[in-house]
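Participant: Can you build the whole structure from these sequences, using the hints too?
Order-wise, the sequence lines are chains A and B. Mapping to our numbering: the first sequence position 58 is 66, numbers consecutive. Mapping to our numbering: the second sequence position 3 is 830, numbers consecutive.
A portion of the hints provided could be inaccurate.
[What the hints assert, rightly or not] Negatives, chain B to chain A, calculated, CB over 10 Å: (1) Ser829; (2) Arg836; (3) Arg848; (4) Lys852; (5) Met854; (6) Gly855; (7) Ser856; (8) Gly858; (9) Thr859; (10) Ala866; (11) Asp871; (12) Asp885; (13) Val886; (14) Gln887; (15) Glu889; (16) Thr896.
[Unchecked claim] Short, incomplete list of chain B residues facing chain A, as computed with Cβ under 10 Å: (17) Leu838; (18) Thr868; (19) Asn872; (20) Asp891.
[Unchecked claim] Covered stretches of chain A (chain B as the covering partner; in silico rule of three or more C-beta atoms under 8 Å from a C-beta of chain B): (21) 137 to 149; (22) 209 to 221.
None of these hints come from the bench; they were simulated from the model. Where is the CB? At the ideal position from N, CA and C, for every residue including glycine.
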Amino acid sequence: MGVFAPLLQKWGNPGNMGVCVACFGRDIAGALGLHRAAVVQYLRPEIMGFVFGSLIAAYAFKEFKPRVGSAPIVRFVLGFFAMVGALVFLGCPWRALLRLAGGDLNAVLGLLGLAAGIGIGVVFLRMGYSLERSRRTYTAVGWILPVIMLVLLVLRVTEFSFTADGPIFFSAEGPGSMYAPLAISLAVGMGIGFLAQRTRFCTMGAIRDLMLMRDPHLFWGVLSFAGAALVMNLLLGQFKLGFEGQPVAHTNYLWNFGGMVLAGLAFALAGGCPGRQVFLSGEGDCDAAVFVIGMIIGAAFAHNFGLASSPTGLGPWGPAAVIVGLIVCVVFGLTMRQTTD
Amino acid sequence: MSNQVVDARGLSCPQPVILSRDAVKKMGSGGTVEVLVDAATSRDNVRRAAENQGCTVDVQDEGDGFRVTIKK
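Facilitator: Okay, structure coming up:
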């Protein structure tokens, strides 16, 4: 993934955005017309590829297990606020690492915020936080999100227009207009999805397991991702060190940090970073699928309600939304506890 | 010496590991903890955590889940 993310950027994706689950979810929301930020509207095939790749790996290794019922509405809200936090920072944990690997020092604040948010989540986990059990369900239920992704892929391939002026929307300028060729995006997405299902790659889990259990297993994977991306960026001439003038980024230190505190906490309470939630959706975890849908709706709200940041700075309501999101997450963490099992 | 069963089926990460680690900490020498999980990820995580705690681990595939037996 660390190798292919900078290559996707080379092949057309936006700066330091070879892969980003938050940005790409936001672009999908825009393409569907759920928000009207004209510069970030594109049906990103990478996201569909992640789900398909994970689905194929899960079936190939007999790990496709349709399951549902572990507090779906909580996961929806966590996905919603995770996306709000990520869009105040401008990136998911993957993109935070890719931004750092591209020399964007603002990402340091984001990553520190991410670790702080996960740290708060670890405290809640130690206090017995639990979203309770999921249970097995019908195979068809496990296929719902993959089929939705298939429909989105068909809409992307056909560039279907439902009315004279859309949707489906495709940005004419801005990050949404920058993309690698469809087949490459899809193939790389599927490859990443396949491998990530096998390796359980999770940026949140990497930091959480270090804090909770001193277990560096996942952390080595994350370090190698960032290291490979750094080497690739140096080779491709995409490395530029500094705070100012970084692609699709702003320089507000406090809210780069604060946005990712919220995102990190929401990921920790939901049990996975956005990428991991997408991969879990592919192997039949319908609660993770609800989180993913929550993220897409969160992205729509973030742009419609002036919460999301842009390269020019914060959205007018971004900080307020982060504070509200933090309060909601803390209430979840304190009230959803099992002291005995 | 104690034998304990931890039913972690349906719980998402990292709860199976937290429950099994807590049970292993309470377990005396010669004791056994059996952890029931229904996902391969949980199986691997529980096994790795127990091995890091210096335990021996045996895994049985029970069709719709796994029984991870941890001994110290």
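Participant: A separate judgement is required for each hint: does it hold in the structure or not?
Facilitator: Status of each hint after checking the structure:
{"no.": "1", "hint": "Ser829", "verdict": "holds (16 Å)"}
{"no.": "2", "hint": "Arg836", "verdict": "violated (7 Å)"}
{"no.": "3", "hint": "Arg848", "verdict": "violated (7 Å)"}
{"no.": "4", "hint": "Lys852", "verdict": "holds (12 Å)"}
{"no.": "5", "hint": "Met854", "verdict": "holds (16 Å)"}
{"no.": "6", "hint": "Gly855", "verdict": "holds (21 Å)"}
{"no.": "7", "hint": "Ser856", "verdict": "holds (22 Å)"}
{"no.": "8", "hint": "Gly858", "verdict": "holds (18 Å)"}
{"no.": "9", "hint": "Thr859", "verdict": "holds (18 Å)"}
{"no.": "10", "hint": "Ala866", "verdict": "violated (7 Å)"}
{"no.": "11", "hint": "Asp871", "verdict": "violated (7 Å)"}
{"no.": "12", "hint": "Asp885", "verdict": "holds (20 Å)"}
{"no.": "13", "hint": "Val886", "verdict": "holds (15 Å)"}
{"no.": "14", "hint": "Gln887", "verdict": "holds (16 Å)"}
{"no.": "15", "hint": "Glu889", "verdict": "holds (13 Å)"}
{"no.": "16", "hint": "Thr896", "verdict": "holds (19 Å)"}
{"no.": "17", "hint": "Leu838", "verdict": "holds (6 Å)"}
{"no.": "18", "hint": "Thr868", "verdict": "holds (5 Å)"}
{"no.": "19", "hint": "Asn872", "verdict": "holds (8 Å)"}
{"no.": "20", "hint": "Asp891", "verdict": "holds (7 Å)"}
{"no.": "21", "hint": "137 to 149", "verdict": "holds (count 7)"}
{"no.": "22", "hint": "209 to 221", "verdict": "holds (count 5)"}
Of the hints listed earlier, those the structure fails to meet are numbers 2, 3, 10 and 11, in rising order.
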